[in-house]
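Chemist: Residue numbers (my numbering), protein chains in the order written: chain A, 1 to 584; chain B, 1 to 248; chain C, 1 to 228.
Don't read these hints as lab results, they were simulated from the structure. None of the values given here were measured: they were computed from a predicted structure. Glycine residues also receive a C-beta, built at the ideal position from the N, C-alpha and C atoms. A hint or two may mislead.
What the hints assert, rightly or not - Just a sample of chain A residues kept apart from chain B, beta carbon distances all over 12 Å, derived:
#1 20
#2 26
#3 160
#4 249
#5 357
#6 463
To be verified - Derived contacts from chain B toward chain A, CB cut-off under 10 Å, selection only:
#7 39
#8 55
#9 84
#10 91
#11 211
The primary structure of each chain is shown beneath.
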Amino acid sequence: MAHSATATAHMAHAGHHELGFVRTYIFSTDHKMIARQFLFLGLFMMIIGGLLALIVRWELAWPETPIPGLGMFLPETGGAIEPSAYNMAFTMHATLMVFFVIMPILAGSFGNFCIPLMIGARDMAFPFLNMLSFWVTGSAGLIMLSGFFVDGGHAAAGWTSYAPLSAVTSYTGVNWGQNIWCISLFIMGVGSMMGSINYITTIINMRAPGMSLFRMPLVVWSLFITAILLLLALPVLTSAAAMLLFDRVLGTSWFNPSGGGEPLLWQHLFWYFGHPEVYILILPAMGIASEILPVFSRKPIFGYHAMAFSMIGIAFLSWIVYGHHMFVSGMNPKLGLSFMITTMIIAVPSAIKTFNWLGTLWGGRIQFTVPMLNALAFVSMFVIGGLSGIFMASTPVDIYIQDTYFIVAHIHYVVFGGSIFGAFAAIYFWFPKMFGRMTNPALGHLHFWPTFVFFNGTFFPMHILGVGGHMRRIYNPTQYEFLQPLQHWNVFITVSALLLGVAQIPFVINFFWSLFAGKKAPANPWNSNTLEWTAPSPPPHLNWGAHVPTVYRGPYEYSSPESKDDFLPQTVPPTPARARAGRH
Amino acid sequence: MLNWWLPENVSTYGGEIDRLFHLIYWITGGTFVLVFVTLLVFLVVYRDRPGRQARYTHGSTPLEIAWTIVPALILVVLTFLSVPAWSRIKMQMPPTDIVIQVTAKQFNWQFTYPGPDGKFGTADDKTMLDEMHVPTGKPVRVNLRSQDVIHSFFVPQFRMKQDAVPGREIAQWFEVTKPGKYELPCAELCGFGHSGMKAWVYVHTPEEYAKWLAENVNVARAAAEEKPAGEAKKDEPKAETKTRGKAK
Amino acid sequence: MSTFASVLEPPPRRRSDRRIGKRVPPPPPPSDGDDGPDGDPGSRRPILDNERLATLVVIAGEVMLFAGLISAYLVLRLGTAVWPPPLQPRLPVAVTGINTLVLLASSAAMVAAGRALAPGKRRALVFRLRLAAGLGALFLVVQGYEWIRLVGFGLTLSSGSYGTGFYTLIGAHALHVVAALMWLGITLAMASRGRFDHGRTNVARACAMYWHFVVGLWPVLYVTVYLV
Ligand code: HEA
Ligand code: HEA
Ligand code: CUA
Ligand SMILES: [Cu+2]
Chain A
1 MAHSATATAH
11 MAHAGHHELG
21 FVRTYIFSTD
31 HKMIARQFLF
41 LGLFMMIIGG
51 LLALIVRWEL
61 AWPETPIPGL
71 GMFLPETGGA
81 IEPSAYNMAF
91 TMHATLMVFF
101 VIMPILAGSF
111 GNFCIPLMIG
121 ARDMAFPFLN
131 MLSFWVTGSA
141 GLIMLSGFFV
151 DGGHAAAGWT
161 SYAPLSAVTS
171 YTGVNWGQNI
181 WCISLFIMGV
191 GSMMGSINYI
201 TTIINMRAPG
211 MSLFRMPLVV
221 WSLFITAILL
231 LLALPVLTSA
241 AAMLLFDRVL
251 GTSWFNPSGG
261 GEPLLWQHLF
271 WYFGHPEVYI
281 LILPAMGIAS
291 EILPVFSRKP
301 IFGYHAMAFS
311 MIGIAFLSWI
321 VYGHHMFVSG
331 MNPKLGLSFM
341 ITTMIIAVPS
351 AIKTFNWLGT
361 LWGGRIQFTV
371 PMLNALAFVS
381 MFVIGGLSGI
391 FMASTPVDIY
401 IQDTYFIVAH
411 IHYVVFGGSI
421 FGAFAAIYFW
431 FPKMFGRMTN
441 PALGHLHFWP
451 TFVFFNGTFF
461 PMHILGVGGH
471 MRRIYNPTQY
481 EFLQPLQHWN
491 VFITVSALLL
501 GVAQIPFVIN
511 FFWSLFAGKK
521 APANPWNSNT
531 LEWTAPSPPP
541 HLNWGAHVPT
551 VYRGPYEYSS
561 PESKDDFLPQ
571 TVPPTPARAR
581 AGRH
Chain B
1 MLNWWLPENV
11 STYGGEIDRL
21 FHLIYWITGG
31 TFVLVFVTLL
41 VFLVVYRDRP
51 GRQARYTHGS
61 TPLEIAWTIV
71 PALILVVLTF
81 LSVPAWSRIK
91 MQMPPTDIVI
101 QVTAKQFNWQ
111 FTYPGPDGKF
121 GTADDKTMLD
131 EMHVPTGKPV
141 RVNLRSQDVI
151 HSFFVPQFRM
161 KQDAVPGREI
171 AQWFEVTKPG
181 KYELPCAELC
191 GFGHSGMKAW
201 VYVHTPEEYA
211 KWLAENVNVA
221 RAAAEEKPAG
231 EAKKDEPKAE
241 TKTRGKAK
Chain C
1 MSTFASVLEP
11 PPRRRSDRRI
21 GKRVPPPPPP
31 SDGDDGPDGD
41 PGSRRPILDN
51 ERLATLVVIA
61 GEVMLFAGLI
71 SAYLVLRLGT
81 AVWPPPLQPR
91 LPVAVTGINT
101 LVLLASSAAM
111 VAAGRALAPG
121 KRRALVFRLR
131 LAAGLGALFL
141 VVQGYEWIRL
151 VGFGLTLSSG
161 SYGTGFYTLI
171 GAHALHVVAA
181 LMWLGITLAM
191 ASRGRFDHGR
201 TNVARACAMY
211 WHFVVGLWPV
221 LYVTVYLV
């Protein structure tokens, strides 16, 4: 708000100096600090989730052999993983990665960082609520981690926690672990609700003068749509988690047939949330790619409106495809047919985006910076993951590949190849703005190339395993004769997964080294157009001085004839020259 | 092509699934090549070189319409090609006199044959653990049940998979073309015994099958001792669980 | 919190008072069709003030929450042959029907309170808010009493899908009434301190919106759980 914002400025500058360490770094209401907090939460959880994945991998390659270094945690087995522990490992791997790595980093961190800065607002609409949303999500994370230490172990029914396996203690032997899983996700739901309230209100009400909806950068569009999906999808999970918890501790019978419950009900509720959720994971990454590709091809995004509308289309369709997770669940096969149609159709918006990204590169002046490389990896890997989705969308084929490693391959091509590469791209791209220092390009390449290679080495062969019939969620493939000939692939995958883990170490080093010793970042290191680069790096409290910027044009005016240098920030007033160039 | 990928198919409808699989393989493969070749060419040709000027364009409506319509058409066609197989496999039940009651429980498969009187729930039912016998050349109907959690009946070589859900009975069918011994893993996570919960499917020629039936199932006396699987106690799986937990 | 205060300001309503004494940035120039329609100056002409917009957003989320619960309830209910299952107490349809009217009345009181959201009407405002809150509280008390009786008759959470559905749905709503009552309490305190005498009424109006939502939700649940 033009004038209330300046009022804000005065108030804040009055109260600015009292802000002590705690109010500045811990209980901060500044969206940029909250963004940093979410980022650290996500990266920390990524290490845990990743190490769990490595445990899973070790077990699959060398079943029932002790894992080096794990002996001290599991003295009774000498570091070997038991079936129940294996189930716990992949369950928590997925739970952490989905809810406490990708959502905090993409929606939480970059949502908080980009939205106000890129629409020209001084902060979120409700900064205090914003702070709460981080601390609620964070405590949900702590609660989730606490589950590792209760006896009976943590939840082990898969991240999908199908009932009745998850509803009755004696079926898994997991007691409080599963309860904690429910409680934590319930709280996380509340936290992300707070977040989305802020995002939606801020984007609708607090755009800078001239920042019309169709001048918003696509990453803001993507976060706006993500926020809407979060708002509408998470409550469904929240209610389902509550019901599951009641079944477990209060003896209700929602999902347990012995009391008149309906097991498939859980699946319907979970996937009604779950499919929008997977687009919650990918949409911000799509926005990020749409942001970075134009900057480093020095070229306007190809088909801005198509990009925005295709994301809206994905958001709408994502509500009516969820049944594709339940083709062989016993759901009415007629429903299966209708879900197949919608699932096929939802690939079309993604097609539009893919080809528009290619169109953006076409005729550009492509600069292979580290963020650009990660963005390109996002595009290409997402395409592979998406194409494998088409196999499953065809119901007859899904009969065969459902619950095989083909699905696992799909998952990781979209969530790691998509969301995580998107997150890396965003981190390298906005690090200068976030922390006021540049990252080290050499280390950046040293991180990207091995990650890219070993990512494919890890997840591509999973297609072959899956087509070979290799079930997911099995602890020891060598128990099956028909899988014996495929076991060498498991070894190969595990080796490259370990290397993939090692490949993250340069990233960690780069991150912390640049944080303290990186060279100071200029205000606009990438010669970018969007508003955040008009603020100093890092932006001060309330982002801009006395004036919030005024916007005169769209965000992607690169190599425009109107200006002699190859970029034209949104804040530069139009010149008469433009009038002539503009009309063609 | 690619059959080194898929395990050998021995069921009548498996062929349709494989055909669809290969069709999609070529469609997506083509798309993949298209996208990646374009991407790589662009990356090389349009890389930043001194003096090169980026093209200032905001898009091209005809192009965008084209690459909206084309994938849409491909996908719609694909959908319609997928319908027949699905409805044949999951929505129809060919008439057959071979009906087997399959009951999954942590962590076994129980196969109940109706016995001489051809009815289930009678004293002469014959139940066997983790092994199923079927003939070739005849549709076999399996009624899937579960006593505890969700399991999934999966025979890779039959291209057949169906969850067994507690509290309901799901009828499925398959027809095998080739005698042999096939593995039947459980494909849905069902607890710590999920990995290793498997049975064997013995597929006989009709003659052998008749012989086997006579020797093992239609023996009234033998059957009289057997308890039908249906009456197993609710808490039995737990007991089962414990012992297997030790075994692991 | 400093920034928090700023959002309590009402958005400028008419163009004229947007001009007063503030730097009005030059209106955005026409654009070359590619960056969309012009003239939407974003934040300077909000559709709805932050508080009420946010409340709408919350309500949207809550709707999904109850959509989940209600659909789950219906799945169980339609899956059961005889409903309510034999040997289960019947629900107090009549009493609850009257109670529904009580709740609706509180909503009416809230509407009236909204009318009193103007300078110089503080006493009327406070009284009507008290009335709304009182009726809401009464509704809760009656509900609680009915629950105790039902439990007495042996209908509990764990007595099959019937009890499960009843207590989960109605309980979830009761919790929302409690939450709404708390918010109403805060608004009431603000009102009696005259916080709304100077045109800054967003918080009160947002509270009213949420109250109407919680009330409006009830008949839906009443029909689904008690009547159908
Ligand atoms: C980021 C997350 C993400 C994304 C974006 C997607 C995207 C898609 N997913 Fe995925 N999916 C998951 C995450 C995701 N998925 C997860 C986590 C699971 C497993 C859950 C579990 O069981 O644990 C899953 C499972 C899953 C299943 C269930 C499999 C099973 O259990 O049997 C199915 C079935 O239809 C499916 C389909 C699709 C489709 C059609 C898309 C489409 O949106 C893809 C569209 C994109 C493209 C198609 C590529 C680009 C397009 C072109 C290049 C144009 C040309 C293309 C053609 C003409 C074909 N997914
Ligand atoms: C959402 C994001 C996400 C991400 C990023 C990953 C990442 C990985 N996943 Fe994950 N995975 C899922 C989501 C994800 N996964 C889901 C949803 C499932 C389904 C679960 C289910 O069936 O219920 C699944 C299941 C799954 C399985 C199948 C388990 C089974 O069905 O039995 C496997 C097996 O290989 C696997 C492996 C991996 C590996 C090797 C990685 C690697 O990419 C991880 C590599 C990353 C690291 C190793 C980071 C560690 C960091 C460091 C090492 C830095 C250095 C350390 C320090 C500085 C201390 N995953
Ligand atoms: Cu039974 Cu898995
Ligand atoms: Cu899905």
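Chemist: Of all the hints given earlier, name the ones this structure violates by number, lowest first.
Modeler: Of the numbered hints, 3, 5, 6, 11 do not hold.
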